[in-house]
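A.B. asks: Single-letter residue listing:
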Amino acid sequence: MSSRPDAPDETALVEALKRGDDDAWVSVIRDLGGRLLAVARRFVRGDDEAEDVVQEAFLQAYKNIDRFEGGSRLSTWMHRIVVNAALMRIRKKSRTKEVSIEDLLPRYKDDGHRVEVGEAWTERGEDVAMREELRRTVRDAIDRLPENYRNVLLLRDIEQLDTAETAEILDISVNATKTRLHRARLALRELLDPHMQGDAA
Amino acid sequence: MTCKEFIDFLMAYLDGELEAETARVFEEHMKLCPPCVDYLESYKVTVALGRKACADEDAEVPPEVPEGLVKAILAARRKES
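Residue numbers (the numbering used here), protein chains in the order written: chain X, 70 to 270; chain Y, 6 to 86.
In case anyone wonders, no lab produced these hints; they're calculated from the structure.
Warning: the hint list may mix true and false statements.
[Unchecked claim] No farther apart than 25 angstroms at their CA atoms in a straight line, the calculated lysine-lysine pairs in the BS3-like style are these:
id: 1; chain 1: Y; residue 1: K84; chain 2: X; residue 2: K87
id: 2; chain 1: Y; residue 1: K76; chain 2: X; residue 2: K87
id: 3; chain 1: Y; residue 1: K49; chain 2: X; residue 2: K247
id: 4; chain 1: X; residue 1: K247; chain 2: Y; residue 2: K9
id: 5; chain 1: X; residue 1: K247; chain 2: Y; residue 2: K76
id: 6; chain 1: X; residue 1: K132; chain 2: X; residue 2: K166
id: 7; chain 1: Y; residue 1: K36; chain 2: X; residue 2: K178
id: 8; chain 1: Y; residue 1: K36; chain 2: Y; residue 2: K9
id: 9; chain 1: Y; residue 1: K76; chain 2: X; residue 2: K132
id: 10; chain 1: X; residue 1: K178; chain 2: Y; residue 2: K9
id: 11; chain 1: Y; residue 1: K36; chain 2: Y; residue 2: K49
id: 12; chain 1: Y; residue 1: K84; chain 2: X; residue 2: K161
id: 13; chain 1: X; residue 1: K87; chain 2: X; residue 2: K161
id: 14; chain 1: X; residue 1: K178; chain 2: Y; residue 2: K49
id: 15; chain 1: Y; residue 1: K9; chain 2: Y; residue 2: K49
id: 16; chain 1: Y; residue 1: K84; chain 2: X; residue 2: K132
The shape of chain X in the complex, shown without the other chains:
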């Protein structure tokens, strides 16, 4: 959702939104709503809750549209608002008992070698083939990460926010953001490991 040089001029649309033009708002909701729902679904559970998040986000947008400067794309601006609304909702309810990140990280012997060195993964390189089953496995594994780590991974690796933006949105330091991202990836790797070794995939 980053800005593109060939993107159409949004000035007229934004002006209409600022005037409170219903048609303009409906067109933005229809235009961006589907993708924003997908973003919300990654953070919260269930379609109803995701729809609540998107509704809340559009209310926020409506209240704050006067502050939208046009320095970014409307879609980028809405994306941030949805992410914030989803995080607010998560904060309100603590999730059921979670595993500790320590239990998901690789374990080492006293000499610094890994305790379990499995086989190499069959998938190599970043151009991975994605089968439906594998996609479900990856989504379930992300869901199993402890919330503080899951949120950083979603923001950085999936929603593609940069480190500073992620730190700001989560109100943690840049260093904490980096540490959590790395640990989240290590934990995700451990969770995927049994599915990815040798012929297991």
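Starting from the known structure of chain X, arrange chain Y on it as the hints suggest.
C.D. replies: Same frame as chain X, but now just chain Y:
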């Protein structure tokens, strides 16, 4: 450098944030330790898999927004204003 240190430094290495000397030792470890090379590869695949799983999901999102949601947003907006 131990395997544990290698794994601790992985992200910084991939982001190009290691100091030159540490990066050199890191690469030295790679020459001596095939399992760590596999690990580095699987770490990159992990990041790519997460990204791809969610990107595919986005591609499948129906373009239409549920009509009920459009109405709910407009109704909530009127209540606020």
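A.B. asks: With reference to the structure, classify each hint as holding or not holding.
C.D. replies: Verification of the hints:
1. A C-alpha spacing of about 17 angstroms is found between Y:K84 and X:K87, which places the hinted pair at or below 25 angstroms, so the restraint holds.
2. With a C-alpha separation of about 20 angstroms, the suggested pair Y:K76 and X:K87 falls inside the 25 angstroms cut-off, and the hint holds.
3. For the hint pairing Y:K49 with X:K247, the CA-to-CA distance comes to about 16 angstroms; that is within 25 angstroms, so the pair holds.
4. With a CA separation close to 17 angstroms, the supplied pair X:K247 and Y:K9 stays within the 25 angstroms bound.
5. The suggested pairing of X:K247 with Y:K76 is violated, with an alpha-carbon distance near 41 angstroms, which exceeds 25 angstroms.
6. Between X:K132 and X:K166 the CA atoms are separated by roughly 36 angstroms; this puts the pair beyond 25 angstroms, and the hint is violated.
7. With a CA separation close to 21 angstroms, the supplied pair Y:K36 and X:K178 stays within the 25 angstroms bound.
8. For the given pair, Y:K36 sits about 16 angstroms from Y:K9 by alpha-carbon distance, which is consistent with the 25 angstroms threshold.
9. Distance hint between Y:K76 and X:K132 is fulfilled; the C-alpha atoms sit about 18 angstroms from each other, no more than 25 angstroms.
10. With a CA separation close to 9 angstroms, the supplied pair X:K178 and Y:K9 stays within the 25 angstroms bound.
11. For the proposed pair Y:K36 and Y:K49, the alpha carbon gap of about 18 angstroms is at most 25 angstroms, so the pair holds.
12. The suggested pairing of Y:K84 with X:K161 holds, with an alpha-carbon distance near 23 angstroms, which does not exceed 25 angstroms.
13. Restraint check for X:K87 and X:K161: the C-alpha separation of about 31 angstroms exceeds 25 angstroms, so the hint is violated.
14. The suggested pairing of X:K178 with Y:K49 holds, with an alpha-carbon distance near 24 angstroms, which does not exceed 25 angstroms.
15. Taking the CA atoms of Y:K9 and Y:K49, the gap is about 17 angstroms. The hint holds against a cut of 25 angstroms.
16. At roughly 12 angstroms between alpha-carbon atoms, Y:K84 and X:K132 fall within 25 angstroms of each other, so this suggested pair holds.
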